[in-house]
Amino acid sequence: MAHQATVNAPLTTKELWGGGTSPFGASYGKLMMWFFLLSDAFSFSTLLVSLGYARFVHHASWPVVESVFYHFPFTHAHLPLLYVGLMTFILIISSVTMVLAVDAGHTNDKKGVVFWLGLTIIGGLIFVGSQAWEWYTFIVGNETGVIKDVLVDGVVVSKEVTGANLQYNEYGHTLFANFFFFITGFHGFHVFSGVVINFIIWLQALDGTLERRGHYEMVEKVGLYWHFVDLVWVFVFTFFYLL
Amino acid sequence: MEQELDQSLYYSAPHARTPEQTKKVRRKIVMVTLLLSAITIFEVVIGILYSKTHVGAESSTWQMIKMMYIVLTLIKAGYIVIVFMHLGDERKNLRTTILLPIVLLVYLIFICLFEGEYILQYVQDLLK
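Residue numbers (this note's numbering), protein chains in the order written: chain D, 1 to 243; chain Z, 244 to 371.
Honestly, I wouldn't trust all of these hints.
[As the list claims (entries may be wrong)] Under the rule of at most 20 Å between Cα atoms (straight-line distance), these lysine-lysine pairs were calculated in the PhoX-like manner:
(1) Z:Lys266 <-> D:Lys110
(2) Z:Lys309 <-> Z:Lys295
(3) D:Lys159 <-> D:Lys148
(4) D:Lys111 <-> Z:Lys309
(5) Z:Lys335 <-> D:Lys14
Note that these hints are calculated values from the structure, not bench results.
Model, not experiment: these values are computed from the prediction.
Taking the hints into account, I'd like the entire structure generated from these sequences.
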């Protein structure tokens, strides 16, 4: 491990870019994960910025979000924001268990990696399940609908609307439901793929593949992805639900 | 040749750590966890007690709460990126490469929100 000792030492420009070393002090795979995450950050940013644009244009017909998301499982009480807050909390905790898994990987602690990565997968599954429940509640809507002028086959008709679909919804402007489906759907799909990728790496840690490789960098790479998913949710939580 | 085959080996070798170092790392993780949870709980409580319908969407209180939400979000994001994703431990040129392009978003947000406000005004004037 002669290289290991020199990785974090300050190097001259010539040593850095002269070849034979990584100027970033990171492996190819980790660097590419960072670049992928940067491009993904731009995808999510454009979605959230266009949400901001739509909210500014349709200021009057945009619903107050806490009057839409007030349901909580197993109760009919009016609890605004509480369920989304709980989902945020679950995702943050699963991010913490991922940090602990990466940390266990740094010391080659196989048991630790398997335990913490397993908990992360469970947290991710709970989050995806919560999102499915929220989508269901959003689509079905309340018992009492709202009379609205909607476009059906190119003709404007007055109609009782319950719940939401891509054409119209009972809550407010059409774009409100569209952005809800698109943003939380795009994020939910990221969480789902994250769970699948975590599961694959968990299996590799369990059967000793990573141990034989001599390092647990794969855990670090999927960890970066998982933290990014948590990071995106922090922004979605603020810009879709809180504001 | 070997370096190209498994380059990660040079940068991800297991670190030998004293129990004190482990304790220090764990404590940092716990502190950041508590901070992130506290901010989230605070946001939800504020959202329930001072809801938009309650204080009024046009009131200065709501404008202040809005700004506070954005600042708290950026604080949370900073802690996730710097501590959880270990970007703070990376070399300076990697940090710059990742963080500098984000600055472009400031311009995108600026033009989109101003354009949105203009369109709203335009349509309102048209309907007058």
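Going through the hints against the structure:
With a C-alpha separation of about 19 Å, the suggested pairing of Lys266 of chain Z with Lys110 of chain D holds against the 20 Å cut-off. The suggested pairing of Lys309 of chain Z with Lys295 of chain Z holds, with an alpha-carbon distance near 10 Å, which does not exceed 20 Å. Annotation: proposed proximity of Lys159 of chain D to Lys148 of chain D holds, straight-line Cα distance about 6 Å (limit 20 Å). At most 20 Å may separate the alpha-carbon atoms for a hinted pair to count; Lys111 of chain D and Lys309 of chain Z exceed this at roughly 44 Å.
Among the hinted pairs, Lys335 of chain Z with Lys14 of chain D is consistent with the structure: their alpha-carbon atoms are about 16 Å apart, no more than 20 Å.
Of the numbered hints given earlier, the model fails hint 4 alone.
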